[in-house]
Amino acid sequence: MSMRMNLPTKQQIAYEWKHNGPVVTKVLIAACVAVWAVEVLLRLISPGLFAMFVSSGMVMPLTMLARPWTWLTSMFLHAPNIMHILFNMIALWSVGPELERLMGHWRYLALYLISGFGGAVGLVVWARFTGDWMTATYGASGALFGLFAAILVVYRRIGADIRSMMIWMAVNFLLPFVVGGIAWQAHVGGFVTGGVLTWLLVAGLPALRGRSFNARMWIYGTAIVAVLLIVAIICTPLRML
Numbered sequence: 001m002s003m004r005m006n007l008p009t010k011q012q013i014a015y016e017w018k019h020n021g022p023v024v025t026k027v028l029i030a031a032c033v034a035v036w037a038v039e040v041l042l043r044l045i046s047p048g049l050f051a052m053f054v055s056s057g058m059v060m061p062l063t064m065l066a067r068p069w070t071w072l073t074s075m076f077l078h079a080p081n082i083m084h085i086l087f088n089m090i091a092l093w094s095v096g097p098e099l100e101r102l103m104g105h106w107r108y109l110a111l112y113l114i115s116g117f118g119g120a121v122g123l124v125v126w127a128r129f130t131g132d133w134m135t136a137t138y139g140a141s142g143a144l145f146g147l148f149a150a151i152l153v154v155y156r157r158i159g160a161d162i163r164s165m166m167i168w169m170a171v172n173f174l175l176p177f178v179v180g181g182i183a184w185q186a187h188v189g190g191f192v193t194g195g196v197l198t199w200l201l202v203a204g205l206p207a208l209r210g211r212s213f214n215a216r217m218w219i220y221g222t223a224i225v226a227v228l229l230i231v232a233i234i235c236t237p238l239r240m241l
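All the letters of the sequence shown, read from the start, carry residue numbers 1 to 241 under my numbering.
No false leads were slipped in.
Between beta-carbon pairs, the in silico distance windows are: (1) Arg101 / Ala66: 34 to 42 Å; (2) Ile45 / Ala226: 39 to 47 Å; (3) Ala14 / Ala66: 37 to 45 Å; (4) Met134 / Ile158: 41 to 49 Å; (5) Val227 / Ala31: 24 to 32 Å; (6) Val38 / Phe213: 35 to 43 Å.
Don't read these hints as lab results, they were simulated from the structure. Even glycine gets a Cβ: it sits at the ideal position worked out from N, Cα and C.
Starting from the given sequences, assemble the full structure and let the hints guide the process.
Right, dumping it as structure tokens:
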């Protein structure tokens, strides 16, 4: 008996894209798993290369403004153990397809990335209060918590039952206090960012409610990114800029 994994055809992808299927969610999962597989392979063949690969992509409050790409690269890195990637990808699949269907592909991707940036800024804010500028982190959790907040806002807006979602989010929020080494600051930053952006999109300023969804995403998304960048700059001491 032979087993073969069939990749989706162009026609299947086009159909899912047209009908708001979870195309972006699948791509995000595939990218995270692919990067994780590279990490595992590098750890096996060259621990030095593995350390260099991970450290070059991790986000750290001390260097985030000097190495601004790390807020993005860190979102696709995960610990080489199976639990980190598995837990995050299950979480992404649990909320991603529904949000992608409701928001559309590009707006959903924008929400994901902006939430991830909010998670990185959350680390900087915490470092400003604690002086812990050297804590480096990675993982999709900041972006995922932005999605959690987004679907909570949407479900509340349409009057859906959110009890199961609240339990799931409570478990995720409590996990850092049970399992060490989890950057809860990024969770909070991503959650606040995703929640505020989604609230603005579904309610927001009365003057902008007549604008198209695309226009509102551009306006509110750009404004939130600008605010996050200003917060990161203000919180970072001048000697680190």
